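*Asks:* The residues making up each chain are set out below.
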Amino acid sequence: QKEVEQDPGPLSVPEGAIVSLNCTYSNSAFQYFMWYRQYSRKGPELLMYTYSSGNKEDGRFTAQVDKSSKYISLFIRDSQPSDSATYLCAMASSGNTGKLIFGQGTTLQVKP
Amino acid sequence: DVKVTQSSRYLVKRTGEKVFLECVQDMDHENMFWYRQDPGLGLRLIYFSYDVKMKEKGDIPEGYSVSREKKERFSLILESASTNQTSMYLCASTPAGTGYEQYFGPGTRLTVT
Numbered sequence: 001q002k003e004v005e006q007d008p009g010p011l012s013v014p015e016g017a018i019v020s021l022n023c024t025y026s027n028s029a030f031q032y033f034m035w036y037r038q039y040s041r042k043g044p045e046l047l048m049y050t051y052s053s054g055n056k057e058d059g060r061f062t063a064q065v066d067k068s069s070k071y072i073s074l075f076i077r078d079s080q081p082s083d084s085a086t087y088l089c090a091m092a093s094s095g096n097t098g099k100l101i102f103g104q105g106t107t108l109q110v111k112p
Numbered sequence: 113d114v115k116v117t118q119s120s121r122y123l124v125k126r127t128g129e130k131v132f133l134e135c136v137q138d139m140d141h142e143n144m145f146w147y148r149q150d151p152g153l154g155l156r157l158i159y160f161s162y163d164v165k166m167k168e169k170g171d172i173p174e175g176y177s178v179s180r181e182k183k184e185r186f187s188l189i190l191e192s193a194s195t196n197q198t199s200m201y202l203c204a205s206t207p208a209g210t211g212y213e214q215y216f217g218p219g220t221r222l223t224v225t
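Those protein sequences? They're chains X and V, same order as listed. 1 is the number of the first residue of the first sequence in my numbering; add one for each residue after it. 113 is the number of the first residue of the second sequence in my numbering; add one for each residue after it.
Treat each hint with caution, since some may be false.
To be verified - As a list, the in silico DSS-like pairs of lysine-lysine whose alpha-carbon atoms are at most 27 Å apart:
1) V:Lys125 / X:Lys111
2) V:Lys183 / X:Lys42
3) V:Lys165 / X:Lys99
In short, the hints are calculated from the structure, not lab data. Every value quoted in this text rests on a predicted model; they were computed, and no experiment measured them.
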């Protein structure tokens, strides 16, 4: 069993839809939870990070962490074609924040 | 803006060749990382370095080695390339203490024939 599981999709939605991306994990030592976005032929870039549990909002993006269920989510409101990309969740424990464990990535396409 | 550059975007090598992938960052970051990215497997850590001349194995170090002679440069070496090393290779860097925010280069698509 992988430490971090993410449905690879692809996920296709119409412009303006609410998108929900999810990851599950098995390692209870994870304290840092990140979402990276990767456009085609580019390297990933950090979108959001959350420490421990709770919600974090940044514009149209909301990250949620439920440590009791070992489940994290990224919500995108009013999705735009420019949101079309691969979204990777990543996690790290407190003692080793440099060593990230990534999910497989979910490919999202937002159709105009 | 942090910039991480990789020496090649596309590379084609033959089985058995020694391959060097170079990564340079311009923000004086202490930590540097090498990953490979494969469909269905995501990013997997090959090696990382917390300081000049220091290196640590990641999750899949077999068949690879690294070199960090200068703080800004981190090289990945495939001693004898094999077809199962065909992949996208990504380099990343981050300042000490903020390992969760990694800055990635554009990647090198390596094909071994």
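*Asks:* Look at each hint and say if it fits the structure.
*Replies:* To see whether the hints hold, each was checked on the structure:
no. : hint                : result
1   : V:Lys125 / X:Lys111 : 38 Å, violated
2   : V:Lys183 / X:Lys42  : 24 Å, holds
3   : V:Lys165 / X:Lys99  : 18 Å, holds
The structure shown violates just one earlier hint, number 1.
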